[in-house]
Amino acid sequence: MKIALIGNPGAGKSLIFNQLTGLGVEVNKYPGSAIGLECGNVCYKNEKVELVDLPGIYSLDGDSEEEVLVRRFLERGGADSLISVVDATKLERNLYLLTQIAEYGLPMVIVVNMIDAAERQGLFIDTGRLGTIFGSVVLPTAAALGKNIDRILPLALTSSQPPTLRIPYDHHIEAALRSLEKTMGTPRQKNLLALQGTGDDAALRDAATSIATEIEQRHRMSVGQIIATNRHNFAQGVSAEVIKQSPEKKRFDLDSILTRAFPGIPILCLILFSLLLSVFVIGSWMEGWIVGGFTEFILTPYTNLGLPPLVERVGYSVLVAIEAGLGIAFPFVFTFYLGLSFLEDTGYMTRAAFLADRSMHRLGLHGEAIIPMVIGFGCAVPAVMSLRILKTRREQTIAAFLITLVPCSARTVVIAGIVAAFVGIIWAFSIYLIVLILIIITAIVMSRLTPGEQFGMIVEMPSLRKPSAKLVLQKSWFRIKEFLFIAIPLLIATSVFLGLFQYFGVIDMFQSLVAPITVSLLGLPAYASTALLFGIFRKELAFETLAVLSGTADLGSVMTSVQLYTFAIVSILFIPCISTVAVLYKQLGAKIALLTSVYSLFLGMLIGVIINILMK
Amino acid sequence: MRTSLREDYLEAILIHTGRFSYPPSAQDLGKALNIDEGDVHTHMDELAHHGDISQHDDGSITLTDQGTATGRQIIKKHETLQCFLSDILGMDRSSASDEACKIEHAVSDETIDRLGDYLRSPVSQPPSGNQVNPERSCLRGVRVHDSCRYAHSLVDFEEGERLVVRDILGRGCSKRLLDLGVVPGQLVVIKRKLRNRSIVVQVKDCDVALSPENASAICVERMP
Chain A
1 MKIALIGNPG AGKSLIFNQL TGLGVEVNKY PGSAIGLECG NVCYKNEKVE LVDLPGIYSL
61 DGDSEEEVLV RRFLERGGAD SLISVVDATK LERNLYLLTQ IAEYGLPMVI VVNMIDAAER
121 QGLFIDTGRL GTIFGSVVLP TAAALGKNID RILPLALTSS QPPTLRIPYD HHIEAALRSL
181 EKTMGTPRQK NLLALQGTGD DAALRDAATS IATEIEQRHR MSVGQIIATN RHNFAQGVSA
241 EVIKQSPEKK RFDLDSILTR AFPGIPILCL ILFSLLLSVF VIGSWMEGWI VGGFTEFILT
301 PYTNLGLPPL VERVGYSVLV AIEAGLGIAF PFVFTFYLGL SFLEDTGYMT RAAFLADRSM
361 HRLGLHGEAI IPMVIGFGCA VPAVMSLRIL KTRREQTIAA FLITLVPCSA RTVVIAGIVA
421 AFVGIIWAFS IYLIVLILII ITAIVMSRLT PGEQFGMIVE MPSLRKPSAK LVLQKSWFRI
481 KEFLFIAIPL LIATSVFLGL FQYFGVIDMF QSLVAPITVS LLGLPAYAST ALLFGIFRKE
541 LAFETLAVLS GTADLGSVMT SVQLYTFAIV SILFIPCIST VAVLYKQLGA KIALLTSVYS
601 LFLGMLIGVI INILMK
Chain B
1 MRTSLREDYL EAILIHTGRF SYPPSAQDLG KALNIDEGDV HTHMDELAHH GDISQHDDGS
61 ITLTDQGTAT GRQIIKKHET LQCFLSDILG MDRSSASDEA CKIEHAVSDE TIDRLGDYLR
121 SPVSQPPSGN QVNPERSCLR GVRVHDSCRY AHSLVDFEEG ERLVVRDILG RGCSKRLLDL
181 GVVPGQLVVI KRKLRNRSIV VQVKDCDVAL SPENASAICV ERMP
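Top line first, the protein sequences correspond to chains A and B. The numbering of the first sequence is our numbering, which starts it at 1 and goes up by one. The numbering of the second sequence is our numbering, which starts it at 1 and goes up by one.
Just chain A, with the same shape it has in the complex (with noise of 0.2 angstroms):
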């Protein structure tokens, strides 16, 4: 049996699948698709029920990602029966998303959720008469609560049925509905679908367009105006209907203050800057502890056993490359998605692409970028992976070219390990500013070159509401964990190499290949080149590999402040780290990979050289 929750984002479906499944659940990738389906088991009298949680929609028709996945998923018998998921506070917007879903004619229950907040809004939900017009079993309940949780299971298990509902479209809808069900025998959802354009069966959507170009030029409107415009008066009727409305009482909304562009934006940058901030002193703090102790506990001990060397170095690299992962993903990164997962799901993220909207417009892309943009301050990794909530392939490509230039949290411990600490607090700023006036002239110059149309922001902004703790911490966990899957296997391997290059003395014939550049381009010491090879790594090992190559942690004492400062920020700036190429070629193809990393090194060592060059 497997039953699968589906609804409105921000409906309560997680909370409710978490509820009912607990632990255990894993995340398993739908074919064809990058989006995560969460599934877990759930034992019931004795019978298995696998549980599925959809991706929060909008509607079935539509072309998102999410969309296109959950249609397929139904199409494609993903479940046997549903359990749909609606909003008591947005009813009548929740049941545009379920008639579509009632006309794929699969049992379903109706769960009616954060029944508590409607009455608390004077809203009385007449739950057996929605059952009535549906043709299914209806049941509030409030998650937040736990109310009514554990009857969702036993109902979808003994009471789901088929809904009966059928609602009338205008009339030249329902003709070319019954002309196609009559010409091409098929169900009436399936020529919905294909009078709108969509659908896998190329004889039907044939059909389907010529009928509805007629219809288009009789109304003037196209055809899947006309059939949203019907679901959505039917729904108002319903909701009509259903809702008993007291006097609403004037409450109190956070959103006069957060989406006012004062002080709205001034809470946004505080907001932000304290996330980074925070991220960057426990982080610092985590590293120390796990990087001490791994040196301590199982470096130490490994160099200590007299291994062949050539084992030796191998097997250190392994190691080596495991203690930068765990230094990185958990202090850092893991942090980072701890705040980033509780400000999302405030719905605080909403309206900060709102504020965002006009400067990210400056730069080509619109406020919905900003999203990648911040996490891009934790780590490029999972912000190229967040790019796909961009629309189009040229905001995409933007977006990347910027990620790979924002000061990630291991670029920040070079910054300050290396300019904070020997060269001065304000030079360590005026290199984010460095960065900050680079990031805007490759959106301005990138924004002109890349070929493609521009949309806008269309995004619903969610009631704010106190995230759970358990979600938050559940979400920062998957992510971690894609994290890993991605950069530990690429540390590892690219540790090996480095440390073979090392051991047969390719990285020493690296080094006097490239000196001229390095010392008379860039004025730096001749093996500062291995240190920012070893930036590609990643990225704070620049700053590591340059103590160790020195010779002493005290920098200043062998470097002068303009080559440290040099050296910060061609290594900060210079070629993507590996994971985020990975990643970069995986989501946008080799050759955006391949570009974002030309650009950055040349734009590394350009900035390095006019410094050298100024500064000397």
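Since the hints were made in silico from the structure, they are not lab data. It should be emphasised that the depicted structure is a prediction, and the values quoted were computed from it without experimental measurement. Yeah, the Cβ is synthetic: ideal placement off N, Cα and C, and Gly gets one too. Careful, some of the hints might be misleading.
Claimed, not checked - The following residues of chain A were derived to be distant from chain B, with all beta-carbon distances above 12 angstroms:
| id | residue |
| --- | --- |
| 1 | I167 |
| 2 | R178 |
| 3 | L258 |
| 4 | T552 |
| 5 | L614 |
To be verified - Coverage of chain B stretches by chain A, computed from C-beta distances (three or more under 8 angstroms per stretch; other residues unrestricted):
| id | stretch |
| --- | --- |
| 6 | 30-41 |
| 7 | 190-202 |
Said to hold, decoys possible - Computed cross-link-like contacts, SDA-like style, restricted to lysine to any residue with a CA-CA straight-line distance of at most 25 angstroms:
| id | chain 1 | residue 1 | chain 2 | residue 2 |
| --- | --- | --- | --- | --- |
| 8 | A | K244 | B | R162 |
| 9 | B | K191 | A | T346 |
| 10 | B | K191 | A | S463 |
Since the structure of chain A is already known, use the hints to place chain B on it.
The following block gives chain B in isolation, referenced to the frame of chain A:
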């Protein structure tokens, strides 16, 4: 048979099939093209010989793949030309259609493709003073421009105003809007408007944030 006549036949058969879900009889075709029914039969034989249609024993006909393709191309030419003549040049719709019927046989595929691109591009605004509403475009999938011509758009109103949606321009990018409930006849309230005209509207008890270009594509009127 003249090429233009052949194309007219294929176009008529395709339109008829689309409209009634079955192919036309000789009588239907005669009526549609204003040709004597006897002549239609001769022409049908010629079309069949050409490989455009297949004739069946009961006297009915169906288009072959080749016929369908040619017919589609002609319909596309017709629509593009009509759209150009009426929406850009401002001719009235029926004379635009008549005119398109003549040009469609002579015009090359490339011209039509380029004309289609031109119509779809945001620069092809009708000349000022021309009272043609561009989003009323007869072409399917034409993406339309950023301003409402008659009604006011969302960005012309202030915070707190209660408005009724009249129309949404730009079919390509409005699916999400439709799904969120921004459909003609819907009541919306402007909750927030920033200086750059980014807008938050309340639709069906939900807040939706819009970029200026999306907001200005939504034509609205004040609540009566």
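Each hint, compared with the structure:
1. I167: The claim holds: I167(A) sits with its nearest Cβ about 14 angstroms from chain B, beyond 12 angstroms.
2. R178: violated (10 angstroms)
3. L258: violated (10 angstroms)
4. T552: holds (52 angstroms)
5. L614: L614(A) is indeed farther than 12 angstroms from all Cβ atoms of chain B, at 36 angstroms.
6. 30-41: As far as the stretch 30-41 of chain B goes, the hint is violated, because 0 residues have Cβ atoms under 8 angstroms from chain A.
7. 190-202: With 7 residues closer than 8 angstroms to chain A, the stretch 190-202 of chain B meets the three-residue bar; holds.
8. K244(A) x R162(B): The given pair, whose Cα atoms are some 22 angstroms apart, holds under the 25 angstroms limit.
9. K191(B) x T346(A): With Cα atoms ~20 angstroms apart, K191(B) and T346(A) stay inside 25 angstroms; holds.
10. K191(B) x S463(A): Between K191(B) and S463(A) the Cα gap is close to 13 angstroms, so the pair holds against 25 angstroms.
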